[in-house]
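**Q** Let the sequences and hints guide you as you build the complete structure.
So the protein lines, in turn, are chains A and B. Residues in the first sequence are numbered from 0 upward in steps of one, following numbering that gives the first Met the number 0. Residues in the second sequence are numbered from 0 upward in steps of one, following numbering that gives the first Met the number 0.
Calculated from the structure, these hints are not laboratory results. A few of these clues could be false.
[To be verified] BS3-like cross-link-like pairs, simulated, lysine-lysine; straight-line CA separation at most 30 Å:
no.: 1; chain 1: A; residue 1: Lys-56; chain 2: A; residue 2: Lys-371
no.: 2; chain 1: A; residue 1: Lys-334; chain 2: A; residue 2: Lys-513
no.: 3; chain 1: A; residue 1: Lys-450; chain 2: A; residue 2: Lys-364
no.: 4; chain 1: A; residue 1: Lys-56; chain 2: B; residue 2: Lys-27
no.: 5; chain 1: A; residue 1: Lys-56; chain 2: B; residue 2: Lys-123
no.: 6; chain 1: A; residue 1: Lys-421; chain 2: A; residue 2: Lys-450
no.: 7; chain 1: B; residue 1: Lys-92; chain 2: A; residue 2: Lys-219
no.: 8; chain 1: A; residue 1: Lys-119; chain 2: A; residue 2: Lys-51
no.: 9; chain 1: A; residue 1: Lys-364; chain 2: A; residue 2: Lys-325
no.: 10; chain 1: B; residue 1: Lys-92; chain 2: A; residue 2: Lys-508
no.: 11; chain 1: A; residue 1: Lys-513; chain 2: B; residue 2: Lys-158
no.: 12; chain 1: A; residue 1: Lys-51; chain 2: A; residue 2: Lys-508
no.: 13; chain 1: A; residue 1: Lys-421; chain 2: A; residue 2: Lys-371
no.: 14; chain 1: A; residue 1: Lys-198; chain 2: B; residue 2: Lys-92
no.: 15; chain 1: A; residue 1: Lys-364; chain 2: A; residue 2: Lys-487
no.: 16; chain 1: B; residue 1: Lys-7; chain 2: A; residue 2: Lys-51
no.: 17; chain 1: A; residue 1: Lys-301; chain 2: B; residue 2: Lys-27
no.: 18; chain 1: A; residue 1: Lys-421; chain 2: A; residue 2: Lys-139
no.: 19; chain 1: A; residue 1: Lys-450; chain 2: A; residue 2: Lys-513
no.: 20; chain 1: B; residue 1: Lys-27; chain 2: A; residue 2: Lys-421
no.: 21; chain 1: B; residue 1: Lys-92; chain 2: A; residue 2: Lys-410
no.: 22; chain 1: A; residue 1: Lys-108; chain 2: A; residue 2: Lys-132
no.: 23; chain 1: A; residue 1: Lys-219; chain 2: B; residue 2: Lys-7
no.: 24; chain 1: A; residue 1: Lys-219; chain 2: A; residue 2: Lys-421
no.: 25; chain 1: A; residue 1: Lys-51; chain 2: B; residue 2: Lys-158
no.: 26; chain 1: A; residue 1: Lys-421; chain 2: A; residue 2: Lys-364
no.: 27; chain 1: A; residue 1: Lys-450; chain 2: A; residue 2: Lys-301
no.: 28; chain 1: A; residue 1: Lys-90; chain 2: A; residue 2: Lys-132
no.: 29; chain 1: B; residue 1: Lys-92; chain 2: A; residue 2: Lys-56
no.: 30; chain 1: B; residue 1: Lys-92; chain 2: B; residue 2: Lys-7
no.: 31; chain 1: A; residue 1: Lys-371; chain 2: A; residue 2: Lys-410
no.: 32; chain 1: A; residue 1: Lys-219; chain 2: A; residue 2: Lys-301
no.: 33; chain 1: A; residue 1: Lys-513; chain 2: A; residue 2: Lys-371
no.: 34; chain 1: A; residue 1: Lys-219; chain 2: A; residue 2: Lys-325
[As the list claims (entries may be wrong)] Heads up, incomplete: computed chain A residues facing chain B, CB under 10 Å, no partners named:
no.: 35; residue: Asp-59
no.: 36; residue: Asp-62
no.: 37; residue: Lys-219
no.: 38; residue: Glu-220
no.: 39; residue: Gly-236
no.: 40; residue: Ser-260
In this text the structure is predicted, and so the values were computed from the model without any measurement. Built from N, CA and C at the ideal position, the CB exists for glycine as well.
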Amino acid sequence: MKPIDHKKVLAERLSARFGRRTVLKGLGAGLLTAATTGAPSLVRAQQSGHIKIASIKVIDTLDPHFTGFLSSIQIINNIHNGLLKIAYDGKNVTFEPDLAESWDIEDDKVHVFKLRDGVKFHDGTPCDAEAVKFSLLRVKEGEPKSPHAWKLALLENIEIVDPLTVKLTFSQPYAFLPVALNGSTGRAGTIVSPAAVQKYGADYGRNPVGTGPFKFVSWKENDAIELEANPDYFEPGLPKLERATFVLMNEASTALAALFSGQIDGMTDCPMQLVDQVEAFPNANLYGEIEGNYTFVGMNCKRSPFDDINLRRAVAWALDRDTLVKQAYFGRAQKAYTPISPPMTEFFDPDIATSGRGQWFDLEKAKSFRAKAANQGEIEAVYLMAERGPVGTRVAQTVAPMLAEIGIKAKLELVEPATWVKRRNASDFDLYDFEWVADLDPDETLYPEFKSDGAWNFGGWVNTDFDDLCAQAQVELDPAARSILYNKAEDLLMDEAGIAIMAHMPIYKVFSTKVQGFQYIPADLVNLHTVSIG
Amino acid sequence: MLFKALGKIAQTFVVLFVVSVASFGLLKLAPGDPIQIMLGSEFSQASYDSLRAELGLDQPFLVQYANWAIQFVQGNWGTSYVARAEIFTYAFKEALPVTLTLASFSLVFAILVGVPLGVLSAIKKDTIFDAGSAVLALTGTAFPSFLLGILLIWFFAVKLQLFPVMGYVSPWENFWLGIYHMILPGLTLSTYFIAMITRLTRATLIEVLEQPYIAAARARGEPNWRVVWVHGVRNIAMPLVTILGLQLGVLLQGTVLTETVFNLPGVGQMLTSAVLGREYLVVQAGVMMTAVLFIGVNLLVDLSYPFLDPRLRTSK
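**A** If you want it as structure tokens, here you go:
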């Protein structure tokens, strides 16, 4: 057996995992050092300016360990830091130490984090190894149970080596670790103030205390969340803003009008249907690329009629993705062939369209599968839809006539979002459409969604080979080997048509031209660290 | 008299009780689950069960209702499940004043515009002015308020930059800035009422102007403006107050859309997001406040009749 240099592999993976394998020289030794020194700068940053940004999606809580929404993480990430953070240079997404000053990998299961010295939470308590241990344990085994506990299920032991060094031991090599331990979409690695958690208990989400560039000031329901600069922030010269307000809004077109009239300076999310207007407006900058996501039509494999693999395959080949992109996604999305999305460059095949892998539109093929289906009569299928997600019911409306082509009459049932969630989770549908978003790794984009007994496998597609492949990939640290495993796994999913895949979507943000220094990260983040306002 | 008043109060409590049980029950019957919503897409059964127990949502319906009712009466309205907002502060201190400001501003505005317009239509019955005001009134009732709101925003706030697009400033803190922020939403919400008041005023006044005492007043040689504005218009008060009391529901409904379009943090927005998020306690608070408001206003309407119509005072 060929020995694998895990240190090297993981370091490579971390420095260039979404990139074009541009291995950064000097990091190959397995030691990652933060670019800046740990001690807070003696020269305090001069903060000025007050930014107002519309947030048009639900904010559930500002507790990083309990939120289920990216819209909340956008704010949380300005208040807290993770052990690691996501960085993006326009081409590559990398994971860098954030609160950690260095990250040393002793072997494939043992990770040693050396923390920055002198970092304090907003309440003045020190952010040390104890705080890290406290936060990780809160996610892993706290009560009530965090929805992100599964991300740390393999974490076996947390050892405090010294006040600034913490050693994490995992039961298996854990390829998903860089995502799990970052303070953004991973959430599990966000470090919270133990003193504040003890003080506020369940109300921590309304009184968040982190180490981030901004301190929480207030949260008025349906009105605004106010943040102010943390003058003691550990990155020298940051933040540049004095104050930041997230204006909580329900109506995107009002937010756009407010942006155009100068009443607000940006939007954390710009729905696709408004992008044309933004592009035509001279005083706004649009940020957005295809992110780590995929949309699909889900079929209920647990019951008739879609327990029939031929019927599912017929649906998978009957969807005209070009039309879908044009009609449902305003021409802004990109056709998908498999779930793994373009930003996961180490796993995504740029030539997938010609590779023969995945699903695409071929009506002849769809009809031939339909001819093999058990039920040859007209099939009526309940299509569960709601005014939710990035494009509401547009997908269902576009898909229905395509299904009619192969003798499936979609009975569109429009319900309100809460009912939709309930029925989806109870697998009370024949068809529905959904999107998994802001994924940074094939593990989180495939495994929990389609694992045979997975809690999110609402369609109930079962394939134990798929489970095995994903489980193997999870403990495989070599990206090339992982890639092969995940490609095999998604090929199974596509071939058996557990879902009919549709598109990868761009996620947009918009800022007035007065706003400078915004660093776009393709994980739906709105980090205001470096932002200033003219 | 005292007996009658006590009866009225008892009646009010019965209504509030029925309303509270109905809304508590209906929301529980509605499919959907606050915990599924708060946990988003990525959660496990263990975290679901654990949160459910934490929030007391695993208790039987009657226990949940009784717990809520006892606490509510004591002024302890609880905290919202997900955002952990203090509901009394959120609903009563923050949201209610916004909606009351918006509703009263719109109502005053509707009366100030609608009554004169109606009076003029009645005097100039069957002229081009009357026809014009009828068209205006019909348009006002037929025009969807959210569309009107968006149009007003794009024209007055974005194109002309005359008014703010959105937001609320308390008139108690800054009166003129508060009014300034209320103009577009107030206009949007009041269109329907301007139309209604115009038509009501016109119809009532036309009828009144045919009464013998008007003829008598004219015969006494009183000037025309006095006949119309003093003897005529005071008769509008009764039907107007009655209809406004009954239409309060429509007004409160209207605030939902208006608050959404203009992003005002009022009861309408609170109820919408609470219903969508299955925040049972917030919905309860909102429904109870609305019910009390509705009953209270209609009680005031009842009580105001003797002041508006002297005949009711003497007939007892």
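**Q** If a hint holds in the structure, say so; if it doesn't, say that too.
**A** The hints, checked one at a time:
Restraint check for Lys-56(A) and Lys-371(A): the C-alpha separation of about 44 Å exceeds 30 Å, so the hint is violated. Under the criterion of a C-alpha separation no larger than 30 Å, the hint pairing Lys-334(A) with Lys-513(A) is inconsistent with the structure, at around 34 Å. The suggested pairing of Lys-450(A) with Lys-364(A) holds, with an alpha-carbon distance near 28 Å, which does not exceed 30 Å. Of the supplied pair hints, the one linking Lys-56(A) and Lys-27(B) holds, its CA atoms being roughly 24 Å apart against a limit of 30 Å.
A C-alpha spacing of about 51 Å is found between Lys-56(A) and Lys-123(B), which places the hinted pair above 30 Å, so the restraint is violated. In summary, the hint linking Lys-421(A) to Lys-450(A) is supported, as the alpha carbons are separated by about 20 Å, within the 30 Å threshold. Distance hint between Lys-92(B) and Lys-219(A) is fulfilled; the C-alpha atoms sit about 11 Å from each other, no more than 30 Å. With a C-alpha separation of about 27 Å, the suggested pairing of Lys-119(A) with Lys-51(A) holds against the 30 Å cut-off.
Between the alpha carbons of Lys-364(A) and Lys-325(A) the distance comes to roughly 22 Å, so the proposed pair stays at or under 30 Å and holds. The suggested pairing of Lys-92(B) with Lys-508(A) is violated, with an alpha-carbon distance near 33 Å, which exceeds 30 Å. Taking the CA atoms of Lys-513(A) and Lys-158(B), the gap is near 20 Å; set against the 30 Å cutoff, the hint holds. Taken as a hint, the Lys-51(A) and Lys-508(A) pair is honoured in the structure, with Cα atoms around 14 Å apart against an allowance of 30 Å.
Straight-line distance between C-alpha atoms of Lys-421(A) and Lys-371(A) comes to about 33 Å, which puts the hinted pair past the 30 Å bound. In summary, the hint linking Lys-198(A) to Lys-92(B) is supported, as the alpha carbons are separated by about 25 Å, within the 30 Å threshold. Straight-line distance between C-alpha atoms of Lys-364(A) and Lys-487(A) comes to about 22 Å, which keeps the hinted pair within the 30 Å bound. Of the pairs offered as hints, the one joining Lys-7(B) and Lys-51(A) is violated, with about 50 Å between alpha carbons and a cut-off of 30 Å exceeded.
The suggested pairing of Lys-301(A) with Lys-27(B) holds, with an alpha-carbon distance near 28 Å, which does not exceed 30 Å. For the given pair, Lys-421(A) sits about 26 Å from Lys-139(A) by alpha-carbon distance, which is consistent with the 30 Å threshold. About 47 Å separates the Cα atoms of Lys-450(A) and Lys-513(A), which puts this hinted pair outside 30 Å; it is violated. With a CA separation close to 13 Å, the supplied pair Lys-27(B) and Lys-421(A) stays within the 30 Å bound.
Using a Cα cut-off of 30 Å, the hinted pair Lys-92(B) and Lys-410(A) is violated, with the two alpha carbons roughly 45 Å apart. For a cut-off of 30 Å, the pair hint linking Lys-108(A) to Lys-132(A) stands: about 17 Å separates their Cα positions. A distance of roughly 37 Å separates the Cα atoms of Lys-219(A) and Lys-7(B); the hinted pair therefore is violated under the 30 Å criterion. Between Lys-219(A) and Lys-421(A) the alpha-carbon distance is near 28 Å, which keeps this suggested pair within the 30 Å criterion.
At roughly 21 Å between alpha-carbon atoms, Lys-51(A) and Lys-158(B) fall within 30 Å of each other, so this suggested pair holds. About 34 Å separates the Cα atoms of Lys-421(A) and Lys-364(A), which puts this hinted pair outside 30 Å; it is violated. Of the pairs offered as hints, the one joining Lys-450(A) and Lys-301(A) holds, with about 14 Å between alpha carbons and a cut-off of 30 Å not exceeded. Among the hinted pairs, Lys-90(A) with Lys-132(A) is inconsistent with the structure: their alpha-carbon atoms are about 34 Å apart, more than 30 Å.
Annotation: proposed proximity of Lys-92(B) to Lys-56(A) holds, straight-line Cα distance about 24 Å (limit 30 Å). Note on Lys-92(B) and Lys-7(B): the hinted pairing holds, with a Cα-Cα distance of about 28 Å set against a maximum of 30 Å. Of the supplied pair hints, the one linking Lys-371(A) and Lys-410(A) holds, its CA atoms being roughly 23 Å apart against a limit of 30 Å. Under the criterion of a C-alpha separation no larger than 30 Å, the hint pairing Lys-219(A) with Lys-301(A) is inconsistent with the structure, at around 44 Å.
With a C-alpha separation of about 60 Å, the suggested pair Lys-513(A) and Lys-371(A) falls outside the 30 Å cut-off, and the hint is violated. For the hint pairing Lys-219(A) with Lys-325(A), the CA-to-CA distance comes to about 39 Å; that exceeds 30 Å, so the pair is violated. About 5 Å separates the beta-carbon of Asp-59(A) from the nearest beta-carbon of chain B, less than 10 Å, and the hint is met. Hint on Asp-62(A) holds. Least Cβ distance to chain B is approximately 9 Å, under the 10 Å limit.
Checking Lys-219(A) against chain B by beta carbon gives a least distance of about 6 Å; that is within 10 Å, so the hint holds. With 10 Å as the threshold, the beta carbon of Glu-220(A) comes within range of chain B, its nearest partner Cβ sitting at about 5 Å, so the hint holds. Annotation: interface hint on Gly-236(A) violated; nearest CB of chain B at approximately 32 Å, more than 10 Å. The interface hint given for Ser-260(A) is met, as the beta carbon of that residue sits about 5 Å from the closest beta carbon of chain B, less than 10 Å.
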